[in-house]
Amino acid sequence: MAETITATNGEVLTAKDFATDQEIRWCPGCGDYSILKQVHTILPQLGLKQEDIVFISGIGCSSRFPYYTETFGMHSIHGRATAVASGLKAARPELSVWIVTGDGDGLSIGGNHTIHLLRRNFDMNVLLFNNEIYGLTKGQYSPTSPENKVAKSTPFGSIDHPFNPIALALGADATFVARSMDRDPAHLQNMLLRSYKHHGSSFLEIYQNCNIFNDMAFESYTEKSTKKDEALFMVQGQPLVFGANNEKGIKLDGFKPVIVNLEEGASKDDLWIHDEHDMVKANIISRFFDHVDVEGHLPRPFGVFYQTTRPTYEDMMSQQIAQVISAKGEGKLDKLLAGSETWVIE
Amino acid sequence: MALETTTHDLEEAVIKFAGDSGDGMQLTGTQFTTNSALFGNDLGTFPDFPAEIRAPIGTVAGVSGFQLHFGSKEIFTPGDICDVLVVMNSAALKSNIRNIKKGGIIIANTAGFDAKNLKLANMTSNALEDDSLTNYTVIKIDVTRMTREALTDIQLGMKEKDRCKNMFVLGFLYWMFNREMDNTIKFLNDKFGKKPEVLEANLRVLKAGYSYGDTTETFNTRYKVEKAVMPAGTYRSIMGNQATALGLVAASKKSGLPLFLGSYPITPASDILHDLAKYKSFGVKTFQAEDEIAAITSAIGASFGGSLAVTTTSGPGMALKTEALGLATVLEIPLVIINVQRGGPSTGLPTKTEQADLFQAYYGRNGECPIPIVAAQSPSDCFNAVYEACRISVQHMIPVILLTDGYIANGAEPWRFPKESELEEIKIEFAKPMAEGEKFMPYARDEKLSRPWAIPGTKGLEHRIGGLEKQNITGNISYEPENHEFMVKLREEKVERIANYIPEQKIDSGPSKGKLLVLGWGGTYGALKAAVRELNEEGFAIAHAHLRHMRPFPKNLGEILNNYDKVLIPEINNGQLVKIIRDKYFIDAMAYNKIQGLPFFKSELMDKIRETLK
Chain Z
1 MAETITATNG
11 EVLTAKDFAT
21 DQEIRWCPGC
31 GDYSILKQVH
41 TILPQLGLKQ
51 EDIVFISGIG
61 CSSRFPYYTE
71 TFGMHSIHGR
81 ATAVASGLKA
91 ARPELSVWIV
101 TGDGDGLSIG
111 GNHTIHLLRR
121 NFDMNVLLFN
131 NEIYGLTKGQ
141 YSPTSPENKV
151 AKSTPFGSID
161 HPFNPIALAL
171 GADATFVARS
181 MDRDPAHLQN
191 MLLRSYKHHG
201 SSFLEIYQNC
211 NIFNDMAFES
221 YTEKSTKKDE
231 ALFMVQGQPL
241 VFGANNEKGI
251 KLDGFKPVIV
261 NLEEGASKDD
271 LWIHDEHDMV
281 KANIISRFFD
291 HVDVEGHLPR
301 PFGVFYQTTR
311 PTYEDMMSQQ
321 IAQVISAKGE
331 GKLDKLLAGS
341 ETWVIE
Chain A
1 MALETTTHDL
11 EEAVIKFAGD
21 SGDGMQLTGT
31 QFTTNSALFG
41 NDLGTFPDFP
51 AEIRAPIGTV
61 AGVSGFQLHF
71 GSKEIFTPGD
81 ICDVLVVMNS
91 AALKSNIRNI
101 KKGGIIIANT
111 AGFDAKNLKL
121 ANMTSNALED
131 DSLTNYTVIK
141 IDVTRMTREA
151 LTDIQLGMKE
161 KDRCKNMFVL
171 GFLYWMFNRE
181 MDNTIKFLND
191 KFGKKPEVLE
201 ANLRVLKAGY
211 SYGDTTETFN
221 TRYKVEKAVM
231 PAGTYRSIMG
241 NQATALGLVA
251 ASKKSGLPLF
261 LGSYPITPAS
271 DILHDLAKYK
281 SFGVKTFQAE
291 DEIAAITSAI
301 GASFGGSLAV
311 TTTSGPGMAL
321 KTEALGLATV
331 LEIPLVIINV
341 QRGGPSTGLP
351 TKTEQADLFQ
361 AYYGRNGECP
371 IPIVAAQSPS
381 DCFNAVYEAC
391 RISVQHMIPV
401 ILLTDGYIAN
411 GAEPWRFPKE
421 SELEEIKIEF
431 AKPMAEGEKF
441 MPYARDEKLS
451 RPWAIPGTKG
461 LEHRIGGLEK
471 QNITGNISYE
481 PENHEFMVKL
491 REEKVERIAN
501 YIPEQKIDSG
511 PSKGKLLVLG
521 WGGTYGALKA
531 AVRELNEEGF
541 AIAHAHLRHM
551 RPFPKNLGEI
561 LNNYDKVLIP
571 EINNGQLVKI
581 IRDKYFIDAM
591 AYNKIQGLPF
601 FKSELMDKIR
611 ETLK
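Protein sequence lines, in the order shown, are assigned to chains Z and A. For the first sequence, this note's numbering gives the first residue as 1, with consecutive numbering after it. For the second sequence, this note's numbering gives the first residue as 1, with consecutive numbering after it.
Since the hints were made in silico from the structure, they are not lab data. Ideal Cβ positions, reconstructed from N, Cα and C, are used throughout, including at glycine. The reader is advised that the hints may include incorrect statements.
[What the hints assert, rightly or not] Label-pair restraints from in silico Cβ distances: (1) K16/Z with E492/A: 39 to 47 angstroms; (2) E425/A with V235/Z: 58 to 66 angstroms; (3) R119/Z with K194/A: 32 to 40 angstroms.
[Claimed, not checked] Derived list of chain Z stretches under chain A, where covered just means 3 residues or more per stretch with a C-beta under 8 angstroms from a C-beta of chain A: (4) 84-92; (5) 110-119.
All chains should be built: construct the whole structure from the sequences, respecting the hints.
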């Protein structure tokens, strides 16, 4: 699907235009390659001028991303991409700003900035590459690693309880919350496009395989043999179904989600219909988070959990300035310097 | 019938208003200040408030003070110790008794010296009744009772009536110093125009205070401080933080760059954020970030986008910003970092002043990370200093640290403010779009060694920058050993080269050669100048120079230092500039330090200088 869209300046861009001359330094087989490819594929479809796009990252494997994308970019410091991007967007609302971060960068050292970005609702796209491990520092557990994770810094298993990034984003009142994965290019491209189209902060968690330090962490959701049973793809207005033949569904029993089998008497009419504008349902489905090893666990949802509209920070900031100027007129420096009370010495 | 009074002419006077946080002493002080300024005195003020917002009423912790020094001669400081001390309660007397001249006047509200107030202040005996104040002229007034009596027929609660008592004191002081009260009457009308009862109460008590002086026999000496001879022009009163905010708006206007402030509230810097948040009609964008780190990094983002980007803070916040300072250094983008210094380390003395963050500004980062430093020397000078910091930052593509301090940030003085047309343009140019096929080099350099400011939205300039070591010219990541050494030296040379674009160091007072040079920086300016001038008048051949540019130093500084037998460096810290000067110029500079959260007194400086000359 090599769709091309003419940018506002009449230029036709392709994925190749977004590749840089820098040698890519991710490990061979890393999930980051796929994400980079999908991003380069969708960028020409946005109708943007190349020079109006900015990628900002923090520190970590994922944060090398800007070096490999021919737009404006900044590889900032650990955890602060969100804050750097907030300042840039406040100053230059017309730019298309993308944040590339990871589970360590965006949820550990930079967790504070992430939640504040989401509540302020800057119109930006947060791509959170979640590999449930610290890759660049060579294999310590991360704030999304499951309990009991044996890693370099946890030889006897991790006693940290992990973050649920989707629930966290919803808790911070994000206006767009979605999940995708590196190994499903079509779905990922779709989610990237949806993230871009949303006016407000878009939080997209992307399951990304670290084949060196946490290989196959998401295999249940990405591998053919288990994907259909373990991954639940949410589609707006459609019932929640999964399984090899879409034979399983989710039904709400009060506020409790239960798995029913359509081949064993359950009716499709009783199933939960996905509604990404329903905050209550979004909160429930965001909690489908049990590890696959847990008996009776629910499938892991992918797609858009929640989407709503709220004024963006930069729009309100510009409006406030425009309102003050229209009420008081443009500021006069001489008047400001003089203040309210002056006296003359002859 | 008014009694016979005698009027003494004074060259200068220092008044301190002290009372409970809720007694309105800051307001009383500012009103008397405005009155003095409008009358034509030169002046300097300093508020002294507690760290607690509402400490228990009547306690020493809750005492709030405002000191004003005004005169018919040039005034450089808020004054060492006061001639007149107004105390609204026992705690105010207890915490200020050290600050009054022998023979000075204490005006005491007797209602604040009852058993309850004495106990709250931990005073075993009533100083107004025993003989502990025999060295002073004590004027005892039951301000609370007089205020209530003036308002018997006014329909206000007792609490609201008592709130007017600061006006009684103000009225009395206006009488004592032979003043008109027009400015305060106008102020009250503006403030309470919508509350006629409150307005009437305040006006009545103000006049009652004045009449009290006029009609009672308690006191029959009045004072007069004539107008000062000051350069002709239009003046206003200005506090340091106000001047900093104005300087930023001015630099934004004169550079054509939109102003962005990323800031997190911290004492004593928050007022800069407050002021800039008001200036929306100038297009100023203020972003109250979630923490100090987001404050500076958001400013880095705004700078990348082409704004005049600023972050304001104080010491503890500065500590949190250090990693981002390194990023701005490697990115080589403009950024102005303002540290309104306070007492440290850690939370330290939030409302007290200190100059102890100079080392932090010089060295406080990982790696070799030189950053230019500019310092402001007085409340109004914050305007010039921040303007200069902005100029260097945007013209040299470099982060610049501005150091002010709590003393000048909250102090006030008359300011002959400039006209917009008198301010020098700050010329900057963004990198131009590139034609097809040309390759943009983000780390190409000009004669200042500064690189192009290439902002997003400019065709053909797409490029990536970051905190990893760069190759010169291309800006590509480079781990080459020789490249790293080259880049470290280059960034240092870039800072040093700024010396070619700043004025040479001047001698502020005294001879250009002689026995002693007193070298200072920052907020000690007024005290050093006053001390050196007075000693010059006494015939001592000593000079005073005050540094604006702390890094790099003006090119002629070494030469100046060698023109004197001795160099004395007084600082409100444990000796920081003195160590940098010794290190750079190999001279035996002497330190003089005070680390009490307080500014220097002129008298102690004079003593130290005399001792040094022996």
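Status of each hint after checking the structure:
At about 41 angstroms, the CB distance of K16/Z to E492/A agrees with the hint of 39 to 47 angstroms. Between E425/A and V235/Z, the C-beta spacing of about 59 angstroms keeps the proposed range 58 to 66 angstroms intact. For R119/Z paired with K194/A, a C-beta distance near 37 angstroms keeps the hint of 32 to 40 angstroms intact. Given a C-beta distance limit of less than 8 angstroms, the hint that chain A covers the region 84-92 of chain Z holds, as 9 residues qualify and 3 suffice.
Given a C-beta distance limit of less than 8 angstroms, the hint that chain A covers the region 110-119 of chain Z holds, as 3 residues qualify and 3 suffice.
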